[in-house]
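Visitor: Sequence:
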Amino acid sequence: MPAPDPITSPQNPRIKNLLKLQQKSSERRAQGLTIVEGHRELTIAHGAGVRITALFVCPELAGETQLRELRGLLGSGTTEWFEVSKAVFEKVAYREGSDGVLALVQPPRRTLESLPLPAAPLLLVLESVEKPGNLGAILRTADAAQATAVIVCDPRTDLYNPNAIRSSIGCSFTVPTVATTRAELLAWCQQHNIQTYAAALTDHAVPYTTCDFRGPTALVMGTEADGLTPELMQACDHTIIIPMRGAIDSLNVSTATAILTFEAVRQRQ
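So that you can map any letter, position 266 of the sequence shown is 266 in this note's numbering, and since no number is skipped, the others follow by simple counting.
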């Protein structure tokens, strides 16, 4: 149940810690925690088996119906409850139009070796992703397509950055996600006979619609600014493109990933 005395000061140690966790990936790693804001995102995280250690609610924003649903969801488990004044909640909320619900959760930590692989896995590989919004959008695609996993090589952003979780609408927790290095990824794919398809604008790239994605497949995507590194591009088994008919020569990486992913899904049906 909520604590009897609402938190009304931004100097409260718990509030100061929320801000540190929100702003610093080093704090999130050190504490093994991240922040989830929003009733829907929290419900998805809970359904995925994520441990919710503390819940901060603003009754004025959340409303009694939503609070009642949260009590039913979390029951009398180990989650700590804290009521927060509207002024304090607005200080820690990181999105507009917040619904007054914010939680501390323990994100899962996975490795390539721990990933359960079906006979023909469909993997989305992102190299050096740095924008949490792009990562979140790709996680939504992976969830919708029921991809096996999202693998991030040499990430420049925390996989459980609160903004990535927000952009994914909680799919950060429904899709197995692993951070690794380029060398480890390539060795692992070779070990499991996974064909790697580098999405890159090169002279020898072939249209993605000519490829067979029905077997063990890894779709390998680069950053919007620089694309794939030459090392990873050259190490992949195939190079593919999405043919462009207009003035531009590329798409947003999350859009391109969605196109390739659902072509693989179409073929597998």
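Treat the hints as calculated values from the structure; they're not laboratory data.
These figures come from a predicted structure and were not determined experimentally.
Treat the hints with caution; some may be incorrect.
Claimed, not checked - List time: in silico EDC-like cross-link candidates among lysine to aspartate or glutamate, alpha-carbon distance up to 20 Å: (1) 86 <-> 158; (2) 86 <-> 113; (3) 24 <-> 143.
As the list claims (entries may be wrong) - Label-pair ranges, simulated between beta-carbon atoms: (4) 26 <-> 114: 19 to 29 Å; (5) 71 <-> 12: 16 to 26 Å; (6) 6 <-> 259: 39 to 49 Å; (7) 202 <-> 106: 17 to 27 Å.
Think of the CB as a built atom: it goes at the ideal place given N, C-alpha and C, for glycine as much as any other residue.
Visitor: Does each hint hold? Answer for all of them.
Guide: Results for each hint:
1. 86 <-> 158: Distance ~29 Å between residue 86 and residue 158 Cα, so the pair is violated.
2. 86 <-> 113: 45 Å, violated
3. 24 <-> 143: Not OK: residue 24 and residue 143 at ~27 Å, beyond 20 Å, violated.
4. 26 <-> 114: 19 to 29 Å: 24 Å, holds
5. 71 <-> 12: 16 to 26 Å: 23 Å, holds
6. 6 <-> 259: 39 to 49 Å: The hint (39 to 49 Å, Cβ to Cβ) holds, given that residue 6 and residue 259 are roughly 48 Å apart.
7. 202 <-> 106: 17 to 27 Å: 42 Å, violated
Checked against the numbered hints above, the structure breaks hints 1, 2, 3, 7 and satisfies the rest.
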